[in-house]
Amino acid sequence: MAYHLEGISSILYVGLGCLIASSVALSTDTGSEGNAGNVGGSTLNNVISEDPEFTDVIENITVPAGRNVKLACSVKNLGSYKVAWMHFEQSAILTVHNHVITRNPRISVTHDKHDKHRTWFLHINNVQEEDRGRYMCQINTVTAKTQYGFVKVVVPPNIDDALTSSDIIVREGDNVTLRCKAKGSPEPTIKWKRDDGNKIVVNKTLEVHDLETDSLELERISRLHMGAYLCIASNGVPPSVSKRIKVSVDFSPMVWIPHQLVGIPIGFNITLECFIEANPTSLNYWTRENDQMITESSKYNWIISCGHIIFH
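In mature numbering (1 follows the signal peptide of the UniProt record, and there is no 0), the protein residues as written are -27 to -1, 1 to 285.
Since the hints were made in silico from the structure, they are not lab data.
It should be emphasised that the depicted structure is a prediction, and the values quoted were computed from it without experimental measurement.
All C-beta atoms, glycine included, are put in the ideal place defined by N, C-alpha and C.
One or more of the hints may lead you astray.
Below 35 Å or equal to it, Euclidean Cα-Cα: the simulated DSBU-like pairs (lysine-lysine) are [unchecked claim]:
| # | residue 1 | residue 2 |
| --- | --- | --- |
| 1 | K177 | K219 |
| 2 | K156 | K86 |
| 3 | K86 | K154 |
| 4 | K172 | K216 |
| 5 | K43 | K125 |
| 6 | K164 | K177 |
| 7 | K154 | K219 |
| 8 | K166 | K43 |
| 9 | K118 | K86 |
| 10 | K216 | K166 |
| 11 | K154 | K164 |
| 12 | K154 | K43 |
| 13 | K118 | K43 |
Each pair of labels, with its calculated beta carbon distance range [unchecked claim]:
| # | residue 1 | residue 2 | range |
| --- | --- | --- | --- |
| 14 | E62 | L179 | 25 to 31 Å |
| 15 | R152 | L179 | 17 to 23 Å |
| 16 | V228 | G146 | 16 to 22 Å |
| 17 | V228 | N131 | 43 to 49 Å |
| 18 | K172 | N99 | 26 to 32 Å |
| 19 | Y273 | D140 | 38 to 44 Å |
| 20 | L203 | T119 | 35 to 41 Å |
Could you build the full structure based on these sequences and the hints that come with them?
Structure below.
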């Protein structure tokens, strides 16, 4: 009598894991005729194969955006079973055995076979943020065998100009808030510094060399706050980036003179000095005590030097 169990191969999609279940072909045959050692009897030779197993874990990978990634899934005793790769968070089948299922052109699969061990490599080229997450390697046994590896995609910081302050002009005494926003993965931290290296005067009681915050708030701003401020974004992924924001403070002219009374003999020349601080630049002139404006002539000569007026 002869026994035949025909091999049946099928594909089973199960929920999110959706992969592949395949039966093992089993064929058994016995002769209907006896022999000298087994007269009138029969024998049944069963073919038993070992179940497939993973031989190593899938390594977790951290990769900068734009680089290439290769995930490895090693299996022994695969037999007629199939290996598939899936992106778990996206519930997407990427590859089945040697075939690429996804339409993503950056995905490919290769196969390395040696002895009884087989390794299936999932390749992701030009990695993007959307590629982060868990990747599942699955063997389509009756009860599917799975293992996972995680891909973490890191992205260097990039300052969002639309959400970041630009150069600003304010009046002395106002409160000012400078904002800085940056994108990246991990999320960037923001640090503020003055471009000239001086301390940041936050308020009457707080002066710091740098301050970690998205929003820099300056209370009752004065001319001492004028200058360029650097918003620096970093997240451990080089390079860090910065934006220079210039703060100008408008204030009324302030006048002072080094010598209020100067004596000089008749017939000699004399020089009078006047210092003026103002923003924007003020219109400056000399007058006599009757408020008559003095104009330049052969007798009077003005020299204006960076807010410093010399009168001869």
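A quick look at each hint next to the structure:
1. K177 <-> K219: This hinted pair holds, its Cα atoms lying about 21 Å apart.
2. K156 <-> K86: violated (43 Å)
3. K86 <-> K154: violated (50 Å)
4. K172 <-> K216: It holds: about 18 Å lies between the C-alpha atoms, which stays within 35 Å.
5. K43 <-> K125: holds (13 Å)
6. K164 <-> K177: holds (21 Å)
7. K154 <-> K219: holds (17 Å)
8. K166 <-> K43: Roughly 41 Å separates the two Cα atoms, so the pair is violated.
9. K118 <-> K86: holds (20 Å)
10. K216 <-> K166: It holds: about 11 Å lies between the C-alpha atoms, which stays within 35 Å.
11. K154 <-> K164: With Cα atoms ~11 Å apart, K154 and K164 stay inside 35 Å; holds.
12. K154 <-> K43: Holds, at about 33 Å.
13. K118 <-> K43: Status holds; Cα separation ~21 Å.
14. E62 <-> L179: 25 to 31 Å: violated (44 Å)
15. R152 <-> L179: 17 to 23 Å: holds (19 Å)
16. V228 <-> G146: 16 to 22 Å: holds (19 Å)
17. V228 <-> N131: 43 to 49 Å: 47 Å Cβ-Cβ, so the 43 to 49 Å window holds.
18. K172 <-> N99: 26 to 32 Å: violated (44 Å)
19. Y273 <-> D140: 38 to 44 Å: Given a distance of about 39 Å, which is inside 38 to 44 Å, the answer is holds.
20. L203 <-> T119: 35 to 41 Å: violated (49 Å)
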